[in-house]
Each structure stands twice: as C-alpha cells, then as structure tokens.
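Asker: Could you build all of it, start to finish, from the sequences and the hints given here?
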Amino acid sequence: MLEARDLACLRGERAVFAGLSFGLPAGAALLLTGANGAGKSTLLRILAGLLPPAEGAVLWRGEDVGAEPSAHAARLRYVSHQDALKPALTVAENLALFARLWGGAVMPALEALALAPLADLPARVLSAGQRRRLALARLVLAPVPLWLLDEPTTGLDAASVERLGPILADHRARGGIVVAATHLPLPLPDARELRL
Amino acid sequence: MSGFLALLGREVRLALRHKADTLAAVMFFVLVCALFPFGVGPAPELLARIAPGALLAAALLAALLPLDRLFGADAEDGTLDQLLLSGLPRGVIAAAKALGHWITTGLPLIAASPVAAALLNLPVEAWGAAVAALALATALLSLLGTVGAALTLGARRGGVLLPLLVLPLAIPAVIFGAAAIEAAASGLSPAPFLLLLGAGLALAAPLAPVAAGAALTAE
Chain B
-16 MLEARDLACL
-6 RGERAVFAGL
4 SFGLPAGAAL
14 LLTGANGAGK
24 STLLRILAGL
34 LPPAEGAVLW
44 RGEDVGAEPS
54 AHAARLRYVS
64 HQDALKPALT
74 VAENLALFAR
84 LWGGAVMPAL
94 EALALAPLAD
104 LPARVLSAGQ
114 RRRLALARLV
124 LAPVPLWLLD
134 EPTTGLDAAS
144 VERLGPILAD
154 HRARGGIVVA
164 ATHLPLPLPD
174 ARELRL
Chain L
102 MSGFLALLGR
112 EVRLALRHKA
122 DTLAAVMFFV
132 LVCALFPFGV
142 GPAPELLARI
152 APGALLAAAL
162 LAALLPLDRL
172 FGADAEDGTL
182 DQLLLSGLPR
192 GVIAAAKALG
202 HWITTGLPLI
212 AASPVAAALL
222 NLPVEAWGAA
232 VAALALATAL
242 LSLLGTVGAA
252 LTLGARRGGV
262 LLPLLVLPLA
272 IPAVIFGAAA
282 IEAAASGLSP
292 APFLLLLGAG
302 LALAAPLAPV
312 AAGAALTAE
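Line by line, the protein sequences give chains B and L.
Just so we're aligned: 71 in this note's numbering is position 88 of the first sequence, and the numbers increase by one with no gaps anywhere.
Each position in the second sequence, counted from 1, maps to that position plus 101 in this note's numbering.
Simulated from the structure, these hints should not be mistaken for lab results.
Some hints could be false.
DEER-style ranges, computed between Cβ atoms [as the list claims (entries may be wrong)]: (1) B/P70 to L/G229: 34 to 42 Å; (2) L/A212 to B/P91: 40 to 48 Å; (3) B/A1 to L/L304: 28 to 36 Å; (4) B/G10 to L/L117: 40 to 48 Å; (5) B/G158 to L/L117: 41 to 49 Å.
The beta-carbon is built from N, C-alpha and C at its ideal position, and this holds for glycine as well.
Answerer: Quick look at the structure:
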C-alpha cells in the first residue's frame, strides 16, 4: 500500500540518504533505526508529506502522494518528537481539538493510554511520559491506515510501553501500517527493520 | 466550518488562559497614548488635533505585539505540523488565526479606546467614530499581520521583519481611520472614510487568508 521509490534527502549539499526504496503491504510495520542524524525523522516527515523529497516519490496504492497532499494527510497520523500540547489547556481540551477535527471520542482515547484520571489537569503539570502518552492518545481517536511514529516510547515507563502493544496490534489487525523511528524496543512483532 | 470553529475556539481559550498577553497589548496602547500629553506639553488644542493619528498608530503598534507568536508558538511545540496534517485547508487555518487575533487583541484595544481617547483630549463627539475606525483598522491589521506572520515564520529575527513587512501595508488604514475620527471631531460625517476602510477590509478578508495559507509551510 505504502511505497517509497528512490527517495533522497539533502541537508545543505550533503546527501542524508539516497536511493531509498521499500514497499509495505497492509498490516505491515517498519522500524527505522540508525545513528542520530541518519535521517529517520526526516524520512518520516517526507512520508507524512510535510517535506518534499529531493528525489523520488512516496506512493500510496500506486499514486504519488504529492499530487493530493490533503488526501494523504487525511489518511495518516504523525506523532513527531514534539508532543504538540498546549500547557495552558487541560489534558481533555488538548485532545478535544483533534477529536473535533478528526472525529472520535476523547474519554475512550484517554482511557486507552491510562490518562482518564488526569483529564481535567492542565497539561503543564504532566510529566514527560504523561505528555508523550497524551500525544499518542491522538492515534486512538479515529482509525486511519497509516501511523508515522517518531520515537513513540521516549520517556514511557515499562507499563505504558506494554499498553502500546495491543493498540499497535489492533491497528495492524485492521490493515493499518506503522512506520516507527526508534532506538528503544517497540512492541511490534514481525516488524521489518530498515537501517538508515 | 466545524474545523474552523474548533481552531478559533482553541485560540480564544488559550488567550483566556494567558490573560497577561492580551493585557500587555492593551497596556502598551494606553501607555503610548498617555505619553503624548507629556511630549506635547500644555496645549490641549494641539493634543486634540494629533489625537486621531496618534490613536490609530498606537493601536496598530499594540496589535502587532502578539503577531510574531501567532504561528511561532505552534511551530515550536509541534502543533503546526498537526494542523497542517489536520485536513483543514491552509487558508482556513490562517483565517481562524486572523479572526482569533482580532478577537483576542483587536476587541480589547477597542474596549480600551475611550480611555486612550480621553488621554488624548479627543472631543467626546468623535469617540463613536474612533471605536468604528479602530474596529475596522485592527481587523485589517489582523489580516495583513497573519500574512506577515506566515511569511516570516522560521526566519531569523522574524520579530523585526514582521513590522517592516506589515506596517507599510497598514498606511491606508491609518490615513482613512484618522480622517474618519477627525471628520467626526469637526462635526462632519465620518461615514465616507469608514466606508473606504471597510472596502479595504472587504478586499483583504478573502485574499489575506489565501496568501497566508500559501506561505504556511512546515520547516
């Protein structure tokens, strides 16, 4: 379903990666590994359509995603290394904006990440791990076929990483694709690994 | 439309939680107007003569203050990426930001305008025209400022670049706004000038969000 064809990325004059190709069928998972600066986050941004590739193309069901960026945006969720939270808003309010944009219900998504007891606290008082879980709660709001995760488990305790397991498994069972950049072990059985 | 309202609601809610930002713009506006009587000295007639222009200039400068954070804050914490991927057209995101800026900065300035008008010895007959002129001029600045904020996003020293881009475009708003207040102060009808200002606003309202949306890109 998702295919990268001959992707290249330049940073200044230097090629970060070039000639990168892979294809992922429905339900597949791809782990991006590699040293800092290898281009993992950049590759995720290219797959999300936020950055144009210097060369090559990203294809979805054989069609270039650059041709219709808004259609591509509607089929993916991107959890970047930033949590995209407003400290002044409560946990529920932070998620509510995206629930209104994408559909889905706030409380079940918070419960899935064990954040429901914190719903009325301002995001300012959350710990780093709790902030990360709130960012991940956006994934659960409404189903889409492509998840792009940039270091999803940074700051998470072992119990939270374990809780992520069934969420990722559900998504893949529905035919969803996961592409995750990570240094830490993720609960993604049979994931392909791409070393940048 | 519901996405636009969701985004606008969040802007207003954030401004209500960060009241100090709004208050800072209002205080800046009142303080600049309070400086004029000291500079001009004991000449109430002269003060009343420069009042219309001073009122407009001070209000537009105050409305500029929060503009460099309009997209900057969202770009820094990753919210902008999420908004760009939210499925909302970029022009709609920019329109919500512009209206949000006017509600959270323009409206408080308008509410403070009688205080500023009193400090500048503006005749009471012209206060109504001052409110109308400021409402139109700040709305125009919110639209132009959103374009400037989108263009300077990610630029080094964007905070300096932004007024340099936006203020020259706001000159017509100062001219017609001040002319409307002056007409009302001398007993004439301010309507022709307010209508011209309204025409500028009607032109900018559909065009500025499109331009700002086109300038809005992920870094």
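Asker: Of the hints stated earlier, which fail here?
Answerer: Hint 3 alone not satisfied by this model.
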